[in-house]
Amino acid sequence: MEAFSHLISGFFIVLQPLNILFCFVGVFVGTLTGVLPGFGPLGAMCMLFPLTFRFPPITGLILLAGIYYGAMYGGSTTSILVNIPGETASVVTCLDGYQMAKKGFAGPALGIAAFGSFIAGTMGLIILMLVAPPLAEFALKFGPPEYFAVMFAGLTIISYLARGSMVKAWIMILLGFILGGVGRDLFTGAERLTLGALVLQEGLDLAPIAMGIFGLGEIFINIEESTTVGELLTNKIKGLLPTLKQWKDSIGAMMRGSVLGFFLGIIPGGGAVIASFASYALEKKLSKHPELFGQGAIQGLAGPESANNSATAGAFVPLLSLGIPSNAVMGILVGALMVQGIQPGPLLISGHPDIFWGIIASMYIGNAMLLGLNLPMIPMWVRLLRVPYSILFPIILFLCIIGVYAINLRSADIFIMLFFGVIGYVMRKTDFEGAPLLLAFILGPMLEKTFRQSMAMSDGELSIFFTRPISGVLVGIAFLSILTSMLAFIRPKVRGVREESDKTEIE
Amino acid sequence: MLSKKLLEMIFTLCLLILSIWVAIESWRLSLGNLHEIGPGFFLFFVATLMGILSLGSLTKVLMSRARIVPAFSSYKKLIGVIWTFIISIVLTLFFDTLGFVIMAMLFMTALLRLVGKERWLRLSIVTALTTVLSYFLFKVLLKIELPAGFLGI
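So the sequences go chain by chain: X and G. Residues in the first sequence are numbered from 1 upward in steps of one, following the working numbering. Residues in the second sequence are numbered from 1001 upward in steps of one, following the working numbering.
Hint data in this document are derived by calculation from the structure and do not stem from the laboratory. Cβ coordinates follow ideal geometry from the N, Cα and C atoms, glycine included. Don't take each hint at face value.
Some residues of chain X that are not near chain G, with every Cβ distance over 10 Å (derived) [stated by the list, open to error]: (1) ILE223; (2) PRO394; (3) LEU409.
Below are the DSS-like pairs computed for lysine-lysine, each with C-alpha atoms no more than 30 Å apart in a straight line [unchecked claim]: (4) LYS248/X x LYS238/X; (5) LYS429/X x LYS1117/G; (6) LYS1143/G x LYS429/X.
A partial selection of chain X residues facing chain G, derived with a Cβ cut-off under 10 Å [to be verified]: (7) ILE13; (8) LEU15; (9) GLU137; (10) SER165; (11) LEU175; (12) LEU216; (13) PHE220; (14) PHE393; (15) LEU397; (16) TYR405; (17) SER411; (18) VAL422; (19) ARG452; (20) GLY460; (21) LEU462; (22) PHE466.
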């Protein structure tokens, strides 16, 4: 009942004209970034990040959150109509969504994707509302060792879930720590790795690094690889409202995808991408006709689309209850909160209920707006897909430059962004992932601070991390995931050596 | 053409050098001990671990017998990336002198013409629209103090 009254007050906050406008701008820009291949929500959030300084904290957060979940909606349009994922979480949508469109069911495919996203987004919010406040209350018992353990376990899981090499993921995590360590030491005030430069004394800012690695890196890749939009299946868009049979076939997948997606969204580094893949695998396993998957099975579209939207709500749990971002996008939200002088953590819900319940209420309204944006405005999004990249990229790059300049009104940030743009481009070329770097950059200073506080508490005894139950369990999980991935790395090699020696013996 | 393997070797080598530099700098800052941790403690261990992993990764790339693939799709397209970078650097250097409006126009024109190979008519329309709309958004609506330059706008 208390939650309900808080939610009502949240709606009152969101329904203020400025907030409702920013909610609309957020979901609109989010859909736009989702629709356009080669430009993700992270880049758009970084671009509009400086805008949030000029408005109340809740207004800025409504905008940034809107971009994030709006992108999940928009991504499905490109996947279904062009067979190119608008953003990474929509990769799985291509498999059956595009096949449905090719068979003349583009309308129902877009409809199911939009309704599935709406249902999952709403369900995710209900679970978020129920899970986050008690978790935040529980987290009040956390001390520095527990916080250290949560972040350490989170980063280990991120490297475990890395798409490519785990060693490369760890190198990126460590590089993120180093970048996060630039500037004055929090405890002694000593200058670290500043090279005597004034601009580095206060440390590196999140936005130039994030925009460089994700925004510019992506632009450089697209210029070189000349992304072209393939055949648009626009002539077959009719009947956006699914039939009763289509609803019956997909509702189960939507529900399962919503629950699975939410909990996978909580895991650090998991998020929408893993949620959509896991949901697809689950639906295929449960189906009586798994052979139809990849040929236009409606469950193969409804499940992953619901899962990736629900995961966005799940990703808010560690941020709003513990103050720990579970992915790079949440890292931007942490930055937005901290710029406004609000410390994310377990006290956020009780200390700033307007922020927590305002975000929740804005997501309800945003989801409804997205349904309205995505179904009737499909022809407009399709027309946008026809704009050549040679015209889009200078506009995006220019907005990135002005956006990053606007944060501190200094050209040095543009140079930092351009430098990290080149780094991001080379990283993409050499299969180093950017997300672990960015998350470690955000968590690094927090991790160091909690480690030093823990050492001060225990008078230099490392056993403090193992003797306290919560941190003990979390550190145990972290070591276990390191151990299992090391075993997975060693085992094939041992097997290879054994096979070699067997061959030699036979010979 | 530069192979992907060579590019990876160069990048990993840079990371290795960076980790050595960070380790030396952190050592100089004082490590302290677990009872009284110094400002270089955390970064020293991070850099050491990164150095070990970079060395391992470098060795792996050197020993790799995988098929050699080019790092870039073609030099012609890579030139587009280099142009974009140079134009951005040069115009940022003169941002304060030129001011927002001139910078926006030069930036858009240069990129649309040199990298995008757009025709002059389309180029002019996109440049004008971007300049006007971004000026309105950043300067008028958001009241951000953008450089006025020699034109004073």
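Cross-check of the supplied hints:
no., hint, in the structure
1, ILE223, "violated, 5 Å"
2, PRO394, "violated, 4 Å"
3, LEU409, "violated, 6 Å"
4, LYS248/X x LYS238/X, "holds, 20 Å"
5, LYS429/X x LYS1117/G, "holds, 25 Å"
6, LYS1143/G x LYS429/X, "violated, 39 Å"
7, ILE13, "violated, 22 Å"
8, LEU15, "violated, 22 Å"
9, GLU137, "violated, 31 Å"
10, SER165, "holds, 8 Å"
11, LEU175, "holds, 7 Å"
12, LEU216, "holds, 9 Å"
13, PHE220, "holds, 5 Å"
14, PHE393, "holds, 7 Å"
15, LEU397, "holds, 7 Å"
16, TYR405, "holds, 8 Å"
17, SER411, "holds, 5 Å"
18, VAL422, "holds, 7 Å"
19, ARG452, "holds, 5 Å"
20, GLY460, "holds, 4 Å"
21, LEU462, "holds, 7 Å"
22, PHE466, "violated, 15 Å"
Hints 1, 2, 3, 6, 7, 8, 9 and 22 from the list above are not met by this structure, while the remaining hints are.
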